[in-house]
Amino acid sequence: MQEEGLDVQSTRNADHFGMLIHHLSLLRNKRCLMAYAYKRAEILHGLSWKVGRVLPPEIEGKLNDVEKRYFKNHSSALQSYMKEMGSLDLTVDMVPPKDPYLKVRVLEDIGVTAIGDKDTNLAHHSIHFLKRTDAEPYILQGMMEELIG
Amino acid sequence: MATDSQEGSGPRIDDDGGESPMGQSDVELLKRAWCNEKAAPQILEFQTALVQRSREQIHHMEEIVEELTQRGDDPLIVSIYQMDLDRAQFLLRSYVRIRLQKVETAMLHIAKTDLWNRLSRQEQNFARRCIDDMGNYMEESVLSKFPSGYRSNLKQSNASEDDDMVPEPNLDTFVFCKSQNSIGSIPLDDSGDEIVDLVAGELYVLRYKSIKPYVERGQIDLV
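Chains as they are written, first to last, in numbering that gives the first Met the number 0: chain A, 0 to 148; chain B, 0 to 222.
These aren't lab readings, by the way, just hints derived from the structure by calculation.
Computed from a predicted model, the values in this text were never measured in an experiment.
Accuracy of the hints is not assured; some may be wrong.
As the list claims (entries may be wrong) - Think about it this way: if two alpha-carbon atoms lie no more than 27 angstroms apart in a straight line, the pair counts; the simulated BS3-like pairs of lysine-lysine are:
| # | chain 1 | residue 1 | chain 2 | residue 2 |
| --- | --- | --- | --- | --- |
| 1 | A | 29 | B | 154 |
| 2 | A | 97 | B | 208 |
| 3 | A | 38 | B | 144 |
| 4 | A | 82 | B | 37 |
| 5 | B | 208 | B | 177 |
| 6 | A | 38 | B | 177 |
| 7 | A | 67 | B | 144 |
| 8 | A | 38 | B | 37 |
| 9 | B | 37 | B | 208 |
| 10 | B | 111 | A | 71 |
| 11 | A | 29 | B | 144 |
| 12 | A | 49 | A | 102 |
| 13 | B | 30 | A | 38 |
| 14 | B | 211 | B | 177 |
| 15 | A | 117 | A | 82 |
| 16 | B | 211 | B | 30 |
| 17 | B | 30 | A | 130 |
| 18 | A | 49 | B | 37 |
| 19 | A | 49 | B | 30 |
| 20 | B | 144 | A | 61 |
| 21 | A | 29 | B | 111 |
| 22 | A | 71 | B | 144 |
| 23 | A | 82 | A | 67 |
| 24 | B | 30 | A | 82 |
| 25 | A | 67 | A | 117 |
Said to hold, decoys possible - Listed next, with one range per pair, are the computed distances between beta-carbon atoms:
| # | chain 1 | residue 1 | chain 2 | residue 2 | range |
| --- | --- | --- | --- | --- | --- |
| 26 | A | 111 | B | 74 | 22 to 30 angstroms |
| 27 | A | 124 | B | 204 | 48 to 56 angstroms |
| 28 | B | 66 | A | 38 | 48 to 56 angstroms |
| 29 | B | 204 | A | 139 | 31 to 39 angstroms |
| 30 | A | 109 | B | 204 | 18 to 26 angstroms |
| 31 | B | 163 | A | 13 | 24 to 32 angstroms |
Where is the CB? At the ideal position from N, CA and C, for every residue including glycine.
Whenever a hint applies, use it, and build me the whole structure from the sequences.
What follows is the structure, given as structure tokens:
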């Protein structure tokens with residue numbers, strides 16, 4: 000029946016219409032499945048812009064292996080593009096800048112990290128005055144919050 | 000980069016960093032390119048020279064800000080320079096980012112048409128990797144489970160004549176636009192029934208398809 004379905008000059012016997020319905024419903028199923036897979040892939044694109052290479056565990060549990068591999072491939076494609084453009088980091092600076100420095104409060108215990116050329120102790124509940132681009136990855140991951148006003 | 004280059008204290012700083020032949024600073028040009036790219040439904044031509052110059056100027060500005068902070072100059076002036084630098088960096092990053100996101104969503108369509116030539120070399124590498132990744136992903140998760148004859152990424156089945164599973168960007172979307180000089184009347188659709196007169200500086204809302212060639216030549220700016 001499949002071969003008949005692909006042969007455009009099919010003889011118009013009684014089977015023809017049944018086969019046509021089978022073909023069209025196969026096409027519809029294919030479109031639905033691909034739309035579902037593509038939508039999930041689009042969501043993964045958005046994630047790789049937001050969080051970079053490491054997936055938060057609650058999301059990672061919802062992906063199957065193929066998707067995890069796709070996410071890894073996509074993040075590394077992005078990383079290699081950024082490197083080719085002369086190490087232009089594209090995951091910071093997502094919103095137009097208002098102030099060059101931000102006052103942030105640390106929400107989780109991060110410990111001593113190198114920020115710029117100084118080491119700062121990002122202890123829980125401490126308030127820091129950091130450069131926007133330094134603080135942004137932490138804010139996006141939810142580890143710091145911006146203090147306004 | 001700041002429009003006034005008269006600074007009282009400190010050395011004479013070349014903040015505009017070179018003007019293009021049309022008498023507009025590079026930041027202006029970058030801002031226009033960014034605006035156009037953001038509003039257009041299709042990917043536009045990559046401004047290689049502009050991006051290159053902007054990166055050099057940003058680098059130059061970074062060095063100047065470093066030097067000023069180390070000299071302990073007036074912190075207000077330093078933060079104004081820093082702000083300017085941040086703005087230029089944001090424009091550059093956002094421009095590149097918007098283009099990459101357009102490539103991500105429309106990668107198959109771009110690879111098929113002559114839009115491919117609008118990408119920079121690095122973007123083309125990125126697009127090729129994206130297409131491969133997406134192809135593998137589709138193959139492994141969905142397409143391998145279909146009977147033969149339905150396994151193509153691009154066609155619905157082997158009986159389709161064109162690549163009908165490739166989505167095309169919608170060129171009929173409305174965009175806000177402003178033209179720099181008076182262009183005169185242009186037809187709004189193929190039959191030439193409606194015409195619109197474009198006067199310099201006035202804001203119009205039109206379908207992207209009708210002003211596509213003008214945007215590509217740089218005569219009309221999208222807002």
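*List, from low to high, the hint numbers that the structure doesn't satisfy.*
2, 6, 13, 25 and 30
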